[in-house]
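Whole structure, please, built from the sequences with the hints as guidance.
For the protein sequence lines, the chains are A and B, in the order given. Residue numbering for the first sequence follows this note's numbering, beginning at 1 and increasing consecutively. Residue numbering for the second sequence follows this note's numbering, beginning at 1 and increasing consecutively.
Check each hint, because a few of them may be wrong.
Unchecked claim - Pair ranges (Cβ atoms, derived): (1) B:4 with A:15: 29 to 35 Å; (2) A:76 with B:62: 28 to 34 Å; (3) B:139 with A:73: 25 to 31 Å; (4) B:4 with A:51: 41 to 47 Å; (5) B:170 with A:19: 24 to 30 Å; (6) B:237 with A:188: 53 to 59 Å.
Derived by calculation from the structure, the hints in this document are not laboratory data. All C-beta atoms, glycine included, are put in the ideal place defined by N, C-alpha and C.
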Amino acid sequence: MKGGAPQEDARAEEFELLRRIAQRERAAFEDLYSRYANILYASALKFVKEDADAQDVVQDVFIQIWDKAKLYDPAKGKPLTWALTLTRNRAIDRIRAIQRRTRLRDEFEQETFVDESAGVREALSGVDASEKGQILRKAVSQLSPQQKKVIELAYFGGLTQTEIAEKLGEPLGTVKARARRGLLKLKELLGDQI
Amino acid sequence: MNREHLEELAALDALGALDGEDVAAWEAAGRENPALLRVRDEFADVAARLSLLAAETPAPAALRSRVMDAVFGAETKRANETERDESSFGWAAWAAAAAVALLALVGAAETTARKESVVVRDARPDAGAPFVVLDGYGEFSEAKASVVWDSGQRGWWMQAEGLPALPATHRYRVWAIGEKDGEVYDCGEFPAANGCGRVFLSPDPAVGSMRGFAVSVEPAGTKPQSPGTPMVLITPALRG
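Listed below in structure tokens is the structure:
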């Protein structure tokens with residue numbers, strides 16, 4: 001699916017919706033909700049696993065969209081990827097709060113963080129059978145396992161570079177290099193396809 | 001620092017994984033060379049697309065009305081309150097849907113005094129909608145914030161106004177202050193635009209007692225474990 005006209009049209013419509021949301025148009029917000037709710041909910045669920053948490057995340061994200069639409073900068077990315085980034089960040093905040101709570105509750109569960117982040121292991125495997133899911137899976141499959149692991153732990157697990165290096169037992173410089181090379185490769189493979 | 005290393009920092013920032021000394025190094029590099037920020041944004045765009053690996057799952061039908069209530073319930077209430085009391089200090093009383101407790105920062109002096117003396121004893125859902133005011137200090141003295149418990153959504157709504165604009169390299173960050181000395185919990189960034197902002201804070205249920213909230217200014221993109229700068233807004237009762 002190369003970046004064809006329908007995709008361009010959809011993006012243009014979404015830019016316009018965000019512009020109208022910035023002007024506090026409720027109809028535009030409801031339209032954007034209809035377009036994004038399922039995908040943002042699915043994305044949130046991939047991070048936080050629980051339906052209630054995912055709903056909380058999505059609600060927060062739409063509130064942010066309403067409040068921040070005027071700050072949206074098209075030069076920084078497409079509307080959908082902007083919304084997905086908001087979702088990821090909100091979900092990671094929630095995961096960290098849960099992890100912190102768990103650690104505080106039981107200091108003996110030192111392995112909790114590792115165990116929970118292990119749930120990230122298959123994050124890049126993907127289950128979306130749609131065309132875009134197939135494109136993404138194909139691109140991800142071309143990363144080295146080491147690049148994939150670093151990106152998984154950072155993006156889906158919310159780990160910092162230092163935490164990743166510690167978890168993998170690799171030098172920090174190696175982690176940095178894998179993150180860069182992995183994203184460069186994905187950028188090259190995905191181009192403007194999705 | 002060569003180009004490759006700068007791209008590594010850009011990639012890690014896009015993944016939200018920068019920490020330590022690299023945060024400052026990246027900020028300095030971004031200030032010197034804005035083209036690097038575009039590289040970061042391109043990486044962030046790629047990373048965001050990874051979220052599309054999730055199978056599309058229909059959002060629960062009830063979520064729509066919940067979101068609309070949260071957004072427009074607050075808007076409607078805020079508009080009504082503003083119309084009703086334009087003589088207030090510029091504070092718009094607000095609410096976030098039926099589940100969100102109404103904030104009304106204006107009022108008689110005794111009411112304000114009572115609110116300012118509030119010590120948040122319990123962050124649990126049955127906390128009876130405690131209400132906390134934060135005052136700004138120093139060059140942030142024009143800033144005010146308030147925090148209210150939302151029993152419906154089991155979290156805190158914080159609203160602020162009069163916040164000075166920050167350079168792009170820094171963000172406001174909210175902290176919950178626990179009962180014990182030095183007990184500070186990160187509540188995340190506070191998004192401010194045109195001096196105003198509102199954010200929902202998820203409390204940590206493990207924290208049984210809190211004394212209030214505070215706001216500091218932290219480098220963008222960092223997730224500090226504790227405030228790296230003096231608090232610029234804080235619950236008055238906690239000010240040393």
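(request) Using the beta carbons of residue 4 of chain B and residue 15 of chain A, state whether their distance is inside 29 to 35 Å or not. (result) Holds, since residue 4 of chain B and residue 15 of chain A (Cβ atoms, about 34 Å apart) stay within the stated range.
(message) Range first: 25 to 31 Å. Now tell me if the beta carbons of residue 139 of chain B and residue 73 of chain A are that far apart.
(response) 27 Å, holds
(message) Range first: 24 to 30 Å. Now tell me if the beta carbons of residue 170 of chain B and residue 19 of chain A are that far apart.
(response) With a Cβ separation near 27 Å, residue 170 of chain B and residue 19 of chain A satisfy 24 to 30 Å, so the hint holds.
(request) Check the following: the C-beta atoms of residue 4 of chain B and residue 51 of chain A are separated by a distance inside 41 to 47 Å. (result) For residue 51 of chain A against residue 4 of chain B, whose Cβ atoms are near 43 Å apart, the range 41 to 47 Å holds.
(request) Mind checking the hinted window 53 to 59 Å against the Cβ distance between residue 237 of chain B and residue 188 of chain A? (result) 56 Å, holds
(message) For the hint 28 to 34 Å, verify it against the beta carbon of residue 76 of chain A and that of residue 62 of chain B.
(response) Given range 28 to 34 Å: holds, Cβ gap about 32 Å.
Against the hints set out earlier in the document, no violation occurs for any number.
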